[in-house]
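S.K.: Since chain A is already given, all that's left is putting chain B on it; use the hints.
Here's the letter readout for the chains.
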Amino acid sequence: MPRTPDIERKTSISYKTEEKTVLRGYDLSELAEAGYSFTDAMFVMFQNRIPTQEEEKMLRYEMGVFLEHSMSPSAAGAIGVSVGRPNLTSAIAASISTFGGVHGPGAAHGYMMKKYLRRAHEEGKTVEEIAKVLVDDYMDNGTPVMGMGQPQHTDSDPRAEPIHLKQEELGLKGVYLRLQRALEKYFHARRKAEGRRYVGVNVVGAGNTALCDIGFAPNAAWCIGSVCRGFSCAAHALYNMKRGRAWAASKGEPMVQMLDLSMIKYVGPEDRKVPKQSERQKYAKDQKKEGEYKKWVI
Amino acid sequence: MGDLKPKDKKGIGNLDDPGLPFNYSEREYGTVEIDETRARFQWVSEVAYKNVHRIVSRGYDTTELMEEGYGMTDVLFVDFQARIPSIEEDQMLNYVMIMALEDGLSAPAAMSRLVAQSKTFLTQACGASIHAFGHAYGAYSAFGNRLLDELKNGNENGRDMNAIAQDIVDNNLDDESLGVSNLMLKDPAAKRMVARAEKLGVAGEYTTLMKLIVEKAQAVSGEPIDLDMLGAMGSVMMDLGFTAEATWAILAVTRSFAAGAHFIEEIERNEYRKLGQVLTPKEMYDGEADRPVPPLTERRENSKPALSTNLDEWAKAEEELKSVWGSGASIHEEIEDPSKKTGIKSVGKKI
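Read top to bottom, the protein sequences are chains A and B. For the first sequence, counting from 1, position 256 maps to 256 in my numbering; every step adds exactly one. For the second sequence, counting from 1, position 148 maps to 1148 in my numbering; every step adds exactly one.
Calculated directly from the structure, the hints in this document are not laboratory data. Errors might be hidden in some of the hints.
In silico DSS-like pairs for lysine-lysine, Cα to Cα no more than 25 Å straight-line [what the hints assert, rightly or not]:
1. B/Lys1152 - B/Lys1186
2. A/Lys242 - B/Lys1050
3. B/Lys1005 - A/Lys276
4. B/Lys1009 - A/Lys288
5. B/Lys1191 - A/Lys16
6. B/Lys1010 - A/Lys276
7. A/Lys242 - B/Lys1152
8. A/Lys282 - A/Lys294
9. A/Lys173 - A/Lys115
10. A/Lys273 - B/Lys1211
11. B/Lys1211 - A/Lys20
12. B/Lys1010 - A/Lys282
13. B/Lys1152 - A/Lys265
14. A/Lys273 - B/Lys1007
15. B/Lys1186 - B/Lys1199
Isolated chain A (complex conformation):
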């Protein structure tokens, strides 16, 4: 049986021999035997270090609170895929892949914080001063401030503020939390002054701040959050695979199903005749000339 690697690469993350699997120098089996937690191993993997107890607690909290979020794009994605009854893994992969620019954009928030902290450092500003600059930069341009607002938890994400408090309780109030707290303060003040409704910090704003303060780079933080959600999406997909109806369109169910035909609302071009092939060239030219089709182009 060939045991050569699937891809040839220099890597500083791990190696694996017939005797052991080694992560950043630590024998994985020894790490587990010594009583370290899975969250400890995440620090070893992404940061090449054993974390403090407080840092480990923070990550455990963050991952635990982020894991389940009921019906979000990720769970809906997993359920949508599961109704076709592919392998379970396809539903999980789809759920993780839903994390993009809007759903849990952890990396972008981290890079935003780093960008403004670097500016503060270069321009001799305090963290609090640069937070105000950040908020003004975004709001002056009509761009949503990353980490603020959640479309379902409209008057404050139930996970977010408690994450801030936990970070403070654990003595992990670093430069990122200072920046995040300050930007929230200016953000709320400015919106209030403009007569706009309250928009609270979301789990990316709070959670990613904590992850940055415990040393995770933006992409590592994004990975942690997005993949962690994969666990609960697997549960949602599994529930639907085991208890739900495949295809999600059965007329025999007491409730209208997700893919029932009546769920389709069509707002496109009117029903129309298929042109004969003999008329095709003229039809196509006329259609292009009229240009009505352009309003439907996506």
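M.R.: Same frame as chain A, but now just chain B:
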């Protein structure tokens, strides 16, 4: 909408053919009315719900869980099993997940790195890595369901663990999802995991059965074999109460964290690949020799139809196509036996 008349639709292709069992041109246009006779669609879930102020999994507010000192691994028990685990169970799950996290440059890491080369989102690479967990690599579903079914059948028929283990070995010795192989002869990690489960008092009938399977398999195997990571992780996870599918999902996702690290390192240390950049040296090619493309005018002389009009022709064609690697003719996929309620599917086995 729906103002087209049937006569407008006459004469399109074969759609007026009397062989059609319906009158195609008279079929209605327009969407289906909202069904008011049944309850409206809702996302139905036993797992979790949320409202504006709370996220609740299996009845537990997840923020309250964290504030009470529970962690991510505890939530896995809550989500998949609707229960709070004992401290020992949580410790064991942490142990298993550490061992599942990293596996060097095996398929999940390789897939993540290959996706990374195309300059895409990290999440797409992590998602791709999950696909590595099929029914050979990470065969937790096939492994676990076999143990589950055999234990159930054995208990119903009054057979003891020894007999159940012997049956499993007799029928599956060479199966990639047995949990016993020559992969861990020098690495004690799998056996240490089972020992830890026993020490923590969380080992149960699955690890007991697994140990017996190892014994029976060793007795009949012509080569040295031992418990492997699939057997250790699979049996311990099932003793922790996770179903075969939950085990499959949890361990695949666990590995995906490391796939993220490999994605990052790939970008940090290597370059993106452009379309057309990667060459395949001729030395790697063992297909047809280079040959001229026949002119289109000679198509009839050079073409070879695939149509078989009788079973002998069909069988011959099937055999011939097996020599064409990449055609799929050499792969046999077994579908579930419709005469049985359950059965283990084997996917993509080479004939």
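S.K.: If a hint holds in the structure, say so; if it doesn't, say that too.
M.R.: Hints, verified against the model:
1. B/Lys1152 - B/Lys1186: Violated: lysine 1152 of chain B and lysine 1186 of chain B sit about 34 Å apart, past 25 Å.
2. A/Lys242 - B/Lys1050: Roughly 22 Å separates the two Cα atoms, so the pair holds.
3. B/Lys1005 - A/Lys276: holds (16 Å)
4. B/Lys1009 - A/Lys288: holds (23 Å)
5. B/Lys1191 - A/Lys16: holds (17 Å)
6. B/Lys1010 - A/Lys276: Given pair lysine 1010 of chain B, lysine 276 of chain A holds - Cα atoms ~11 Å apart, limit 25 Å.
7. A/Lys242 - B/Lys1152: With a Cα-Cα distance of about 19 Å, the restraint between lysine 242 of chain A and lysine 1152 of chain B holds, given a limit of 25 Å.
8. A/Lys282 - A/Lys294: At roughly 18 Å apart (the allowed maximum being 25 Å), lysine 294 of chain A and lysine 282 of chain A satisfy the hint.
9. A/Lys173 - A/Lys115: It holds: about 19 Å lies between the C-alpha atoms, which stays within 25 Å.
10. A/Lys273 - B/Lys1211: Not satisfied, since the Cα-Cα distance of roughly 69 Å exceeds 25 Å.
11. B/Lys1211 - A/Lys20: holds (21 Å)
12. B/Lys1010 - A/Lys282: With a Cα-Cα distance of about 20 Å, the restraint between lysine 1010 of chain B and lysine 282 of chain A holds, given a limit of 25 Å.
13. B/Lys1152 - A/Lys265: violated (48 Å)
14. A/Lys273 - B/Lys1007: holds (11 Å)
15. B/Lys1186 - B/Lys1199: holds (22 Å)
Checked against the numbered hints given earlier, the structure breaks hints 1, 10 and 13 and satisfies all the rest.
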